[in-house]
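Sequence order for the protein chains is Y and W. Quick note on numbering: the first sequence equals residues 438 to 877 in this note's numbering. Quick note on numbering: the second sequence equals residues 6 to 94 in this note's numbering.
Derived by calculation from the structure, the hints in this document are not laboratory data. C-beta atoms are modelled at their ideal positions from N, C-alpha and C, and glycine is treated no differently. Please note: incorrect hints may appear among the correct ones.
Partner residues aside, some chain W positions facing chain Y, computed with beta carbon under 7 Å [unchecked claim]: (1) VAL31; (2) PHE48; (3) THR82.
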Amino acid sequence: MAGSTRIFSVGEAARAIASTVRADEQLRDLWVEGEVGRVTISSAAHAYFTLKDERAALQCVWFRDDRVRSPFQPQTGLRVVAHGRVDVYEAQGALQLYVDSIQPSGVGDLAIRFEQLKAKLAAEGLFASERKRALPPRPQVVAVVSSPTGAAWKDVCQVFARRWPLTRVVLVACQVQGEGSAESIVRALRRIEKHVANLASEGRATEAPVLTIVARGGGSMEDLWSFNDERVVRAIVAHALPVVSGVGHEVDVTLTDFAADVRAATPTAAAELVIPDRVEYASAIMRGAERMRVAGTRLLVAARRDLDAERRVLDRLNPAVRLAATRQLASDLLDRATRAVRQRIANASSGEARLAEALPNLASRLLGERRATLAEAAAALAVLGPQATLERGYAIVRKASDQSIVRDPAEVRAGSRLRVRVAHGEFPATVASEEERLDA
Amino acid sequence: MTEPNDGTPITQLSFDDALAAFQRTVAELETGGLPLERALALFERGTALHEHLARLLTEAELKVQQLVTRAGGALETIDVAPDAARDAE
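Bound conformation, chain Y alone (with noise of 0.2 Å):
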């Protein structure tokens, strides 16, 4: 044989294995499970172990800089999950496995099969971003997939109540943890799309829940683990709602959090996801409101001043009987838009006050501020009025020929013939000639 004949030296011998282990891509990122034999440390804190079980046994080395990251460290007779890859130490022709990460053997089995299901699932594209559907805005009915006895659905209920008590919570209880608790996420899923659909045939459509919050609090990998399990994970993608996921604390991440539309940290923040806050919405129609007043005291203006110009025509007219009663008519319906307008402030004002004391430590500075806004509205109503203006003590100055009102010193001339109108009353007056004005 042609091989055979070649002899190789020890280097040689050695780079052919290494290169043969190297070129095996199994062997480049793997798991091994094993029960730790003896440990040594090295003078430059390296740990040196062996991993073996009832058949074989595998050299392992633990460089420092991964070993001190860890919280956990190998001791004899422990089992354990190591992570990395295998090498041959040509020096010594030893072949190893260089460990980057040492897991105990339980909880290890689990971030196993956690990280080979995420893989498979997300290789099927369940947890793309195009699958994700929005959430509705401020919906009427929300389901929640949790258990009865959790702190996660109490916690639920108190962010809804505080926020958005408009929308209706319809709990669907399941198990949350231990045996049997996938398959009765599972069934509450189920329950609901048959409950949408129920309704939707009864043609109460609108009663029906438009989106689904899964719920759970905090707990350890194993506790949680039904919100990795794949058919919860399948049935959240394929669940006829949009839902959002909040398993667990801050901290945690499950397959339910990658399969759901919207992720949220913790029960509390997938309700505050779904609804907006109250106080938010208050302000916004006091806005709305404050708008309404600012147009509306607009019209009002506008609508004197037409009425005034009206008045004027129709004094000049020596009005008819009905002419009179065309301005009774205008002049009635200016003072219904002012009571209008004042009763609307008035309205406000104490719709605000409720708004105050319904939402103390939220909103009480926004609305303080508001009251002051409405306050000097009202006193800017009660001055639109001619008169309040003359007790100040203005004046209104027309020409006596048609009565019209002067706003410019260039529409009189020097003799020209005034009434001036205050407070108490009227008195005739006759423009300076320039010389006299420019003495004044």
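Since the structure of chain Y is provided, determine the placement of chain W on it from the hints.
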């Protein structure tokens, strides 16, 4: 512009419907140049809508229900207190 509602009394409008009507009312009032009668009608309607919306926001109480399966398999929602929900599917 016509009133786009079907004659439902304002106090029976849902929040969303009342909010939409309120926004339309304010917007129309802001267009200006309206006859006084129309402006007044809008004002009165806007005021009532504003009142209704404020009341809904402050006086609404959270309604909590549970979806339960009746004997025979029919699904039904029943009113429950948040801390007294049934531990059953």
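**Asked** Does the structure break any of the earlier hints, and which numbers would those be?
**Response** The structure conflicts with no hint, since it agrees with every one listed earlier.
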